[in-house]
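Could you use the hints to bring the two separately framed chains together as a complex?
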Amino acid sequence: MKLTAVELGKKIKAGEISVADAVQSCLDRIKTLENDINAFVTVDAEGAMLQAEEIQRKIDSGELTGPLAGVPVAIKDNMCTEGLLTSCSSKILSNFIPTYTSEAVLKLREAGAVIIGKTNMDEFAMGSTTETSFYGSTQNPWDVSKVPGGSSGGSAAAVAAEEVPYALGSDTGGSIRQPAAFCGVTGIKPTYGRVSRYGLIAYGSSLDQIGPIARDVTDCATVLEIICGHDDKDSTSYDADRDYEKNGITDTGNDFTSALVDDVKGMKIGIPRDYFGEGIDEDVKKHVLAAADVLKEKGAVVEEFDLGMVEYAIPAYYIIASAEASSNLERFDGVKYGYRTSEYTDLHNMYKKSRSEGFGDEVKRRIMLGSFVLSSGYYDAYYVKALKTKALIKKAFDDAFEKYDVILGPVAPTTALVKGESLSDPLKMYLGDIYTVSVNLAGIPGISLPCGFDRNGMPIGLQLLGQTFDEKSIIRAAYAYECSREYKRPELLTERGL
Amino acid sequence: MVITDETIEYVGILAKLELSDEAKEQAKKDMSDMLDYVSKLNELDTDNVPAMSHAFPVNNVFREDVVTSGDTREQLLSNAPEQKDGCYKVPKTFD
Numbered sequence: 003m004k005l006t007a008v009e010l011g012k013k014i015k016a017g018e019i020s021v022a023d024a025v026q027s028c029l030d031r032i033k034t035l036e037n038d039i040n041a042f043v044t045v046d047a048e049g050a051m052l053q054a055e056e057i058q059r060k061i062d063s064g065e066l067t068g069p070l071a072g073v074p075v076a077i078k079d080n081m082c083t084e085g086l087l088t089s090c091s092s093k094i095l096s097n098f099i100p101t102y103t104s105e106a107v108l109k110l111r112e113a114g115a116v117i118i119g120k121t122n123m124d125e126f127a128m129g130s131t132t133e134t135s136f137y138g139s140t141q142n143p144w145d146v147s148k149v150p151g152g153s154s155g156g157s158a159a160a161v162a163a164e165e166v167p168y169a170l171g172s173d174t175g176g177s178i179r180q181p182a183a184f185c186g187v188t189g190i191k192p193t194y195g196r197v198s199r200y201g202l203i204a205y206g207s208s209l210d211q212i213g214p215i216a217r218d219v220t221d222c223a224t225v226l227e228i229i230c231g232h233d234d235k236d237s238t239s240y241d242a243d244r245d246y247e248k249n250g251i252t253d254t255g256n257d258f259t260s261a262l263v264d265d266v267k268g269m270k271i272g273i274p275r276d277y278f279g280e281g282i283d284e285d286v287k288k289h290v291l292a293a294a295d296v297l298k299e300k301g302a303v304v305e306e307f308d309l310g311m312v313e314y315a316i317p318a319y320y321i322i323a324s325a326e327a328s329s330n331l332e333r334f335d336g337v338k339y340g341y342r343t344s345e346y347t348d349l350h351n352m353y354k355k356s357r358s359e360g361f362g363d364e365v366k367r368r369i370m371l372g373s374f375v376l377s378s379g380y381y382d383a384y385y386v387k388a389l390k391t392k393a394l395i396k397k398a399f400d401d402a403f404e405k406y407d408v409i410l411g412p413v414a415p416t417t418a419l420v421k422g423e424s425l426s427d428p429l430k431m432y433l434g435d436i437y438t439v440s441v442n443l444a445g446i447p448g449i450s451l452p453c454g455f456d457r458n459g460m461p462i463g464l465q466l467l468g469q470t471f472d473e474k475s476i477i478r479a480a481y482a483y484e485c486s487r488e489y490k491r492p493e494l495l496t497e498r499g500l
Numbered sequence: 327m328v329i330t331d332e333t334i335e336y337v338g339i340l341a342k343l344e345l346s347d348e349a350k351e352q353a354k355k356d357m358s359d360m361l362d363y364v365s366k367l368n369e370l371d372t373d374n375v376p377a378m379s380h381a382f383p384v385n386n387v388f389r390e391d392v393v394t395s396g397d398t399r400e401q402l403l404s405n406a407p408e409q410k411d412g413c414y415k416v417p418k419t420f421d
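Chains Z and D supply the protein sequences, listed in that same order. According to the numbering used here, the residues represented by the first sequence are 3 to 500, in order. According to the numbering used here, the residues represented by the second sequence are 327 to 421, in order.
So that you can see chain D by itself, here it is in the shape it has in the complex (with noise of 0.2 Å):
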């Protein structure tokens, strides 16, 4: 499968990904050769093959919605590159 500049400029977005021009022929190539060799799957038929997300039943879990945790504030923000008054500081995100 050839991965046109508009798809890897998408996947791009979509990964949240900077790419130099040259990363980005990289990747075209590097995307395009496992693209092909995973495409060996189309071999199989799995029209009446359900898909399994787990190997085995796992069912949802349920508690009580009662807090456990205590105000873990302080330590939560000690990781962030930047804080202010007691929360994340991210750039301007509206005007």
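In isolation and in its complexed conformation, chain Z is listed as follows (with noise of 0.2 Å):
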């Protein structure tokens, strides 16, 4: 289906396009795609079908009357959802069906959207290529010899060969951002807090956040509004009652779609020149410089600036994100859920042999990382000295942001990588986060959109990273510049004569 997420709610809205029409329409697309691109743990045909008619009825009785109300959605296999399966794409939570939904999903549920099914990712998130998932890597659209980028590679890949019009992902280091550029499509990490995480299965609870990916800036800022808000369930989750203003934090409000205009007269755009620097390929750098001109050109005050820390925040990341892995993994253990091992003699040898056998290589490596940095004797010199880097880093991000409205950069220093690369050596995977990874450090939102193709073809990724609850910042730069660059499909679409 080529329509965008709103187009086809205002379609449906219409009548003239059923729902159960727009949700077979993405089934027949999976079945057509996904022996090449696999972006799905699991297809609820039957259960979309369901919830389909239900929907319907609902529109037609006036019940229903939201922007995405009857469009199919596809939801990143690490949020629970209630009677289908929930793996992380891992074999420890291959036979796991969550008896609640997650806090995000419920809302889309409520605002009218169908469930088709679950995203592949890298297991437990901990990834940037979506190749270590128990149920076998997801390929790009672009190039199916290629990476979708990680974690939410199943996501951003789905969305591109529009199989499904948006999905949802979550962010950690990276994981919505990174496969958006790499398949072409566009993603918001909202600031930390934005949207509630339960029901999200933890990695790295002090850096997660949930957010949407799509087709553009439009769908993007109209699923954000629909799941951000304050939720009991997560005390994190943003709570305009508390007194964030004493703090000097400004909320500019979640109305994030009266932000889409295309106006950036006078918005304050800054280029950090130390994200340009050795290692980024040169058509990301062309093309990422090419979109803050177009920005320029609409009256947008561009300059340059050295925003200082950004070679910390990699080995900051990794030792905070593993610390908090391994405290978060340590509930797998084959008692309450999830894999247990068939033969062990007591219950320490059940709880080491079900672990073992039940999670991939990059999470066991991160979780003894984890385990070693929280460990006595080594925590103060690695965990709180990582912990005293962060404060660091938001401090370059708040000097930064008192002169700027928005930060340009690009998202990865290349474009999707050949599968297989990286896998062979995790620090060089690591490395690809660079331009991420602090920005969940530092709990600002970011979002990730395309900005033109490299000289193979593939899709090159545009960041733009606003103020702690200034998404609308970002959104409004993104919408300006999208206003000026036309939308590309996978060719892989238009030689199946999709």
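It should be emphasised that the hints constitute simulated quantities derived from the structure, not laboratory data. Hints are not guaranteed to be accurate.
[Said to hold, decoys possible] With a straight-line cut-off of 27 Å between C-alpha atoms, the simulated BS3-like cross-links for lysine-lysine are:
hint, chain 1, residue 1, chain 2, residue 2
1, Z, K93, D, K415
2, D, K410, Z, K338
3, D, K366, Z, K355
4, D, K350, Z, K355
5, Z, K287, Z, K490
6, Z, K109, Z, K60
7, Z, K338, D, K415
8, D, K418, Z, K338
9, Z, K288, Z, K490
10, D, K354, Z, K421
11, D, K355, Z, K421
12, Z, K93, D, K354
13, Z, K355, D, K342
14, D, K354, Z, K355
15, Z, K430, D, K355
16, Z, K355, D, K415
17, D, K366, Z, K93
18, D, K342, Z, K338
19, D, K355, Z, K355
20, D, K342, D, K355
21, Z, K93, D, K350
22, Z, K430, D, K354
23, D, K410, Z, K93
24, D, K342, Z, K93
25, Z, K93, D, K355
26, D, K366, Z, K430
27, D, K366, Z, K397
28, Z, K355, D, K410
29, Z, K430, D, K350
[Stated by the list, open to error] Covered, in the sense of this in silico footprint (three residues per stretch, anywhere, with C-beta under 8 Å from a C-beta of chain Z), are these stretches of chain D:
hint, region
30, 373 to 382
31, 398 to 410
[Stated by the list, open to error] Listed next, with one range per pair, are the computed distances between beta-carbon atoms:
hint, chain 1, residue 1, chain 2, residue 2, range
32, D, E369, Z, T347, 46 to 52 Å
33, Z, E488, D, S379, 20 to 26 Å
34, Z, L52, D, L402, 20 to 26 Å
35, Z, K267, D, E369, 37 to 43 Å
36, D, I339, Z, N97, 24 to 30 Å
37, Z, T254, D, R389, 27 to 33 Å
Using N, Cα and C, we set each Cβ at its ideal position, and we do this for glycine too.
The following block contains the structure:
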């Protein structure tokens, strides 16, 4: 289906397309493409058709009037969905059927979304390629020999291949923005706390945020408007009643669609010089800077500056994320849910064997690193040091936002890599996260949107960053840029007559 | 930093992971590489910098201690690898 989520929502509302037809069209597309793409862990054809009937009734009766009523969506497989397998793409959760639904998904359902299925990801969201999934890798719709990025690679690939109009992803160190960039679609990592994490299977709790992946900025803003808001079940979710102003934090509001205006006159945009140093691909650099020129022509004040701390973000991130992961993943022990080993001698042996057989290599690597940096004797040297570094990184961003409304740069130093290239050298894979992880450490929002193609025809992502709780500035800048850019579909789709 | 057999053994206990000899050697190398890399943070003077766990202030949130969820025992047990008499069943833990 070529339509964006909002366009489809309009047609459904106008009675031009039925919800069932919209769902069937997605299911047909999935059937045609999944052998090549493998974006889904679970496709719930039957459940989606049942939801379609109910939602159609509610639309017809005037009960559901929102912009996304009746529009199908895919959910990353780390968000709990009642009655539907939620595996985190891990063997250890390969039989886990949640008894409740995550808050963000619940909000979408209340707005009339039809859940088509659950998308593939790096196991427990640990990875940047969607190759560490227990269910096999996902392929990039632009070139199936390449990775879709990760960890929300299934969500990004499903949207790029038009298997669904939009999807939810989660972003701990770039897991929405980087796959969106690699697959030529748009994704938002909201400010930490903007969206409830209730029901999101935790990786790094101080960093994790749920956000939309869609084909344009309008869809992303519309989805975010629905899923945001305070939730008593996640006490880190933003509560407007709490006195944030006292701490110098200003919420510019969650009426994100009101920022969809093609006007950046006077907007101050900073380009960190230190984002364009060693290691960045020439084509990426060229197209990102060309996007800055577009905004400049539209009246934005664009200048270069030194952000600082860029090279320290990855070490700080991997210490903090691994530490939190080692604690969060303690719960997978073969007792309450998930995989249990078949033979064991005693309780501890059962824990160890269930975990060792249930987790993949990358997950084990991060649990071990996290256990080490939190262990007595190393805690101060590694973990506390990383938390102090995080404070310096946040300060660097705060200083930048004194001068600028938006920071502009690339999402990743390269376009999508060939499959298998980075798995052999984890450190090399981590280095690809240089422009994304600092954003999670600082808790600020970021958007990733396509801004051109490299010499091999692979999409390049533009990243725009905003101050805490100021998603609206980045949405406005992204929308203004998008207005002067054509959306391109992967050739695979035209080749297949889709 | 060189990771010794004792360290990787200790980490295995903390992480509740059982590693084959081959996996152990790989883990030693991976962890050593990673720790060498993250030691880059030692270039930074952080003596007077407070450790930041959350990027902006979050406070404790209190509510009255009232039960809001119903009896979900059966649903929760539906995911248990083994259950008995409405409880999770685990191997014998003491004699």
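Hints and how they fare:
1. The straight-line distance between the Cα atoms of K93(Z) and K415(D) is roughly 21 Å, inside the 27 Å bound, and the hint therefore holds.
2. Restraint check: the Cα-Cα separation between K410(D) and K338(Z) comes to about 12 Å, which is no more than 27 Å; the hinted pair holds.
3. A hinted pair counts as satisfied when its Cα atoms are at most 27 Å apart, and K366(D) with K355(Z) does not qualify at roughly 35 Å.
4. Between K350(D) and K355(Z) the alpha-carbon distance is near 15 Å, which keeps this suggested pair within the 27 Å criterion.
5. Distance hint between K287(Z) and K490(Z) is fulfilled; the C-alpha atoms sit about 20 Å from each other, no more than 27 Å.
6. Proposed proximity of K109(Z) and K60(Z) is supported: the alpha carbons are some 16 Å apart, at most 27 Å.
7. A C-alpha spacing of about 9 Å is found between K338(Z) and K415(D), which places the hinted pair at or below 27 Å, so the restraint holds.
8. In summary, the hint linking K418(D) to K338(Z) is supported, as the alpha carbons are separated by about 16 Å, within the 27 Å threshold.
9. Our distance criterion of 27 Å between C-alpha atoms is met by K288(Z) and K490(Z), whose separation comes to about 19 Å.
10. This hinted pair checks out: K354(D) and K421(Z) have alpha carbons roughly 26 Å apart, not beyond 27 Å.
11. Distance restraint check for K355(D) and K421(Z): the Cα-Cα separation of roughly 23 Å lies within the 27 Å cut-off, and the hinted pair is therefore satisfied.
12. At most 27 Å may separate the alpha-carbon atoms for a hinted pair to count; K93(Z) and K354(D) meet this at roughly 24 Å.
13. For the suggested pair K355(Z) and K342(D), the alpha carbons sit about 9 Å apart, so the restraint of at most 27 Å is met.
14. Between the alpha carbons of K354(D) and K355(Z) the distance comes to roughly 20 Å, so the proposed pair stays at or under 27 Å and holds.
15. As the CA atoms of K430(Z) and K355(D) are separated by approximately 15 Å, the hinted pair is consistent with the 27 Å bound.
16. Using a Cα cut-off of 27 Å, the hinted pair K355(Z) and K415(D) holds, with the two alpha carbons roughly 17 Å apart.
17. Under the criterion of a C-alpha separation no larger than 27 Å, the hint pairing K366(D) with K93(Z) is inconsistent with the structure, at around 35 Å.
18. Taking the CA atoms of K342(D) and K338(Z), the gap is near 16 Å; set against the 27 Å cutoff, the hint holds.
19. About 22 Å separates the Cα atoms of K355(D) and K355(Z), which keeps this hinted pair within 27 Å; it holds.
20. Note on K342(D) and K355(D): the hinted pairing holds, with a Cα-Cα distance of about 19 Å set against a maximum of 27 Å.
21. Taking the CA atoms of K93(Z) and K350(D), the gap is near 21 Å; set against the 27 Å cutoff, the hint holds.
22. As the CA atoms of K430(Z) and K354(D) are separated by approximately 18 Å, the hinted pair is consistent with the 27 Å bound.
23. With a CA separation close to 24 Å, the supplied pair K410(D) and K93(Z) stays within the 27 Å bound.
24. Distance check on the hinted pair: K342(D) and K93(Z) sit about 17 Å apart at the alpha-carbon level, within 27 Å; holds.
25. A C-alpha spacing of about 25 Å is found between K93(Z) and K355(D), which places the hinted pair at or below 27 Å, so the restraint holds.
26. With a C-alpha separation of about 16 Å, the suggested pair K366(D) and K430(Z) falls inside the 27 Å cut-off, and the hint holds.
27. For the given pair, K366(D) sits about 19 Å from K397(Z) by alpha-carbon distance, which is consistent with the 27 Å threshold.
28. Restraint check: the Cα-Cα separation between K355(Z) and K410(D) comes to about 22 Å, which is no more than 27 Å; the hinted pair holds.
29. Distance restraint check for K430(Z) and K350(D): the Cα-Cα separation of roughly 21 Å lies within the 27 Å cut-off, and the hinted pair is therefore satisfied.
30. Using a Cβ-Cβ cut-off of 8 Å, 8 residues of the region 373 to 382 of chain D lie near chain Z, which meets the minimum of three, so the contact claim holds.
31. A stretch counts as covered by a chain when three or more of its residues have a beta carbon under 8 Å from one of that chain; for the region 398 to 410 of chain D and chain Z the count is 8, and the coverage holds.
32. Separated by about 47 Å at the C-beta atoms, E369(D) and T347(Z) satisfy the suggested range of 46 to 52 Å.
33. Remark: the range hint 20 to 26 Å for E488(Z) to S379(D) is contradicted by a beta-carbon distance near 44 Å.
34. Remark: the range hint 20 to 26 Å for L52(Z) to L402(D) is upheld by a beta-carbon distance near 25 Å.
35. For the pair K267(Z) and E369(D), the beta carbons lie near 41 Å from each other, so the given range of 37 to 43 Å is met.
36. Checked against the hint of 24 to 30 Å, the C-beta distance between I339(D) and N97(Z) comes to roughly 27 Å, which is consistent with it.
37. The supplied range of 27 to 33 Å is met by T254(Z) and R389(D), whose beta-carbon atoms lie about 28 Å from each other.
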